[in-house]
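Protein chains: 4
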Amino acid sequence: MIKAAVVGGTGYTGVELLRLLAAHPDVELDVITSRSEAGRPLAELFPNLRGCLDLAFSAPDVGQLLACDLVFFATPNGTAMTMVPQLVEAGVRVIDLAADFRLVRADEWEAWYGIPHACPEYLEQAVYGLTEVNREALRTARLVANPGCYPTAVQLGFLPLLEQQRVDTEHLVADAKSGVSGAGRKPATGTLLCEASENFKAYAVPGHRHLPEIRQGLEAAAGKPVGLTFVPHLTPMIRGIHATLYAQLHDPEQDLQALYETRYRDQPFVDVLPAGSHPETRSVRGANHCRIAVHRPQQGNVVVVLAVIDNLVKGAAGQAVQNMNVMFGLDERAGLAGIALLP
Amino acid sequence: MIKAAVVGGTGYTGVELLRLLAAHPDVELDVITSRSEAGRPLAELFPNLRGCLDLAFSAPDVGQLLACDLVFFATPNGTAMTMVPQLVEAGVRVIDLAADFRLVRADEWEAWYGIPHACPEYLEQAVYGLTEVNREALRTARLVANPGCYPTAVQLGFLPLLEQQRVDTEHLVADAKSGVSGAGRKPATGTLLCEASENFKAYAVPGHRHLPEIRQGLEAAAGKPVGLTFVPHLTPMIRGIHATLYAQLHDPEQDLQALYETRYRDQPFVDVLPAGSHPETRSVRGANHCRIAVHRPQQGNVVVVLAVIDNLVKGAAGQAVQNMNVMFGLDERAGLAGIALLP
Amino acid sequence: MIKAAVVGGTGYTGVELLRLLAAHPDVELDVITSRSEAGRPLAELFPNLRGCLDLAFSAPDVGQLLACDLVFFATPNGTAMTMVPQLVEAGVRVIDLAADFRLVRADEWEAWYGIPHACPEYLEQAVYGLTEVNREALRTARLVANPGCYPTAVQLGFLPLLEQQRVDTEHLVADAKSGVSGAGRKPATGTLLCEASENFKAYAVPGHRHLPEIRQGLEAAAGKPVGLTFVPHLTPMIRGIHATLYAQLHDPEQDLQALYETRYRDQPFVDVLPAGSHPETRSVRGANHCRIAVHRPQQGNVVVVLAVIDNLVKGAAGQAVQNMNVMFGLDERAGLAGIALLP
Amino acid sequence: MIKAAVVGGTGYTGVELLRLLAAHPDVELDVITSRSEAGRPLAELFPNLRGCLDLAFSAPDVGQLLACDLVFFATPNGTAMTMVPQLVEAGVRVIDLAADFRLVRADEWEAWYGIPHACPEYLEQAVYGLTEVNREALRTARLVANPGCYPTAVQLGFLPLLEQQRVDTEHLVADAKSGVSGAGRKPATGTLLCEASENFKAYAVPGHRHLPEIRQGLEAAAGKPVGLTFVPHLTPMIRGIHATLYAQLHDPEQDLQALYETRYRDQPFVDVLPAGSHPETRSVRGANHCRIAVHRPQQGNVVVVLAVIDNLVKGAAGQAVQNMNVMFGLDERAGLAGIALLP
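Protein chains in written order, with this note's numbering: chain V, 4 to 346; chain L, 4 to 346; chain W, 4 to 346; chain Y, 4 to 346.
Incorrect hints may appear among the rest.
Some chain L residues judged to face chain Y by a derived CB distance under 8 Å, without partners named [unchecked claim]:
{"hint": "1", "residue": "Y15"}
{"hint": "2", "residue": "L58"}
{"hint": "3", "residue": "S61"}
{"hint": "4", "residue": "D64"}
{"hint": "5", "residue": "R188"}
{"hint": "6", "residue": "A191"}
{"hint": "7", "residue": "T194"}
{"hint": "8", "residue": "C197"}
{"hint": "9", "residue": "A199"}
{"hint": "10", "residue": "I241"}
Don't read these hints as lab results, they were simulated from the structure.
Backbone N, C-alpha and C fix where the C-beta goes; we use that ideal spot for every residue, glycine too.
Please build the complete structure, drawing on both the sequences and the hints.
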């Protein structure tokens, strides 16, 4: 049994991680910390956990964390980096679901997140936890930077094209749509039901923090700089991301369906749909799959890739569990067999 | 392993049953019939099942059904009754998720369902599958009438009061609210998103088919006739039933909280919330629990009971699996450990 | 032209009032105050007003208000009462959309609202603005207490039965369901889209502030004390209230349809639907109507009344405009001809 | 007064047209035809119209239509073209809200719509009713092809760039998201609340009927062929279209904000938002405005245009009324002053 702790379990990423870990056959979850909710039973915040995970939040206590095999950080950006060195040095493995270790370059991180990085020397040793790219490195990783939700969908959608040099990398477009849970559980006017339901809008068009993360991953796949326009949108539903990706093909005659099927043949959580399909976000609601379809409309030279994930599962907590499974030598699918809830 | 078949798996009750059975450790599901969709892979209708249950619908074939231990009917009302005698006589056990065997009296059934009953002699031998009431009879049942969604929530909410003679049985009110999946997957104007979202309405106030079913159960619990007003409403969400129940107490000083906790202490799927609680439908989304709270507003002589279920789980497919577990001597919770999806 | 001001226009009641007043042919709206948003254009908060009402919020300034014919308060409870005496003494008429003047008895008000009342001597002279009850008194009112949203729907639904002594007043039940906009625009966890959509729950069952307000109105209609159980619920939509009302008839044989049609024959904003109808909240979305249907299920002795309003219109801003029209001798329907938005 | 008729008023475009015409000061609406609903009061289908437009549907009768000044067709594609010649020859003006006259070339129309065109000789004389492009021609038009919903948003968004030759016309991308009402009121599985809510998906990526219509308009603006990739998506809400448009700038240094403001300065229903804005679909819910923002992310050479409309208003019925106003010499804004409903 993996002895695990969750730091900061009061947000949506946290509750989803708790849901998955509570049902995981190889995990013993003893500690869930929250400074603000210390002493309060989980089920008061998250009534779905009542009877399933009868723990209370506790105040953060480094001693407790040091006694664990693995610590998940489901905290706001900027928290994990203050505790990671102590844990990692002591041999505790860490998966950070926030953004602290996602960018390789400290200056870029600081420019986008607006604060100094507390331990920039860890940025290089952190393994970026897009399992389908870094599985081998994850097996021995001490510190894993779990990818953002948009970056997961956009990278999985673009990777085959970039790795195989099939498209013009100067003019990539990622038009992404997210459910509202991506904005978190903190009270804010913009995510009230009365503001966000029956409404659709783009946001952060001038620049979103996931842009450098996506670009970094795409450039690694392409082996060269890429020109990417990334526009996120808020769509009136709770869960789900739909990425619609556009690129210009070098050779329109290539077999894109085969390209995708080959790339993802051995990936248990990436599902390439039959040619002509349109994946729906609900087909992965609560599940760890990414479902992808690839199109070449009107037999032209533009490829359109459609990729859907549940932003809280493959885009956050599920991928964290998937990474944990790899790190600890378990079946990659352990604890992740849940079927999407439909309708 | 229980060799099971599902007849008519193209509706929402069907897909939910398939989701649960696919993950059940003791069930081997070989046959899913649908006259209209014969030959079509399940995943085309239900993309959540892709990669999880790679079967196709088949045309109904009695021979195949007779080879099973158990047949679930997830068909429209009036279908199961045409096949049940043949199956039951051959020793195949049956759980009907439709209404064919829910009422004891054939004349009443025919009055509410508007067609002659094909095998009225089976009405008395059918066991009404409200597990919390009929667990013992279910162990040996050959034919189980799985309760309706509203009847499950309303009966579980009222039972302790009626069984213990605590309220005036002449003036019971059940004000029930259902998500739209209760209306099924058949195309209809009234359940289009553009008609049913951002809208709330009562329906069938003059008389709903679940009224006689509820009344039958309440009268059995009370041991005498009851006067019940039942008003169902359509609420703009996919899953969930919330029953708000009103009755007049004989003795306002009694301890209602204890009454409920005692009644449901040993019921794995009924959760009595702490005094003062307000259960939310999302706390059981995708899960088989019924969560209940009991109130006496303003310390008066009216008791208000709040009961929530997922209409497709405890109100349909989950309760069917729970009944199957009892019928076949399994742990009642087998295959039903899924935690509700929140948010 | 009526020279009008709105104090506190940053909530949903405020923006709806602005929408209605901007289109009203007899109103000149010069002043909209907000301490927190002073200087900010309305359209930044409420993009629907862009190009339609090009004003900015201003800091509250008594001098400006004293120059008006009418001041609307769309402020939180407890604000209007600090300014009303000065305005009313100076001859400015006031409509308070909050609760400060809705209860006649100061001790009851203070018990439910938890603060001392700043000007209890105004409670008796305030006219309760349920137009269909107090139209005559409104014509000359100096201070109008605009009713709450639930109280409007519940009172309009019960009035004919109580005024004509048709039901047992000891056992009234009002099961009411509201869209989320009733909870206001202030950020709060419970009204986030991810908490309130795909969810249904009761709240405040032990006691809601609208209970004494409703009871006061029902007792005035009945001419005696009433026993009322009032349970509010949150339903996952933006606008709309549906009240489902239950009472026991003295004489089941009476013609309830005629009773309602007669009572509301001359009320331009109360629409009694044909017998057998089920009103939908969307049929009044954005409109000032209350639509009502009356049922006697199963020809029994229980009457069920269904009443729907838009909580922000007839339940708040629209009724305020209706009252203004009456106060200033205008056509009661002026500025309120908008047709509900469907779908 | 314009004597007007609506043919086929049973869909969402129809009810929205009725809502607008009922409130229009210069229109007398006498005839609303529906073969299937003949004799039925409008308010039975559309309860929002109860008390506002007390007419019944009538069976189509050419004599009645010939007595009108103007006939609106709110029928499925392929209906108007069978009646238009007779009406137009008799001097009755026609606005077709369906697609029958939107494409100039008959062969292209037949390829996309799959049936022979009944009166191809009318395709050239029909005026395409994008008011902001063809206002002058509309004044004397006998037959108006009211634009599709996606084409309205996409063309208004792209026009300034194309008319002024500012972008590479070979690589235009239009990623468009629509509320479900765009799919109509006909019962269908895919638009049930339980299928379309809490879900997001692209559809018709291989080719949507609005593609040739958009391309035709963009090519007219650009004066040359364009390469357009158009991907429509279904978003879980009732009303609204959000078009996100991408193009590569010839000269990144140009002042795009001024370009858009200049182009639309005199257009009463196109609102160019301040630089840096993100328009929301709810800001035009029920209103005839198109709101547009223009961005150049990361100061690069890609322009991103965001354009929102209400698909049933500016995307259908509202634009039809706007066109009627132009055709009959009225104020273009007559009957279209309604403010968007928010929240």
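Outcome of the hint check:
{"no.": "1", "hint": "Y15", "result": "7 Å, holds"}
{"no.": "2", "hint": "L58", "result": "21 Å, violated"}
{"no.": "3", "hint": "S61", "result": "21 Å, violated"}
{"no.": "4", "hint": "D64", "result": "26 Å, violated"}
{"no.": "5", "hint": "R188", "result": "7 Å, holds"}
{"no.": "6", "hint": "A191", "result": "5 Å, holds"}
{"no.": "7", "hint": "T194", "result": "5 Å, holds"}
{"no.": "8", "hint": "C197", "result": "5 Å, holds"}
{"no.": "9", "hint": "A199", "result": "4 Å, holds"}
{"no.": "10", "hint": "I241", "result": "5 Å, holds"}
Of the numbered hints stated above, those contradicted by the structure are hints 2, 3, 4, listed in ascending order.
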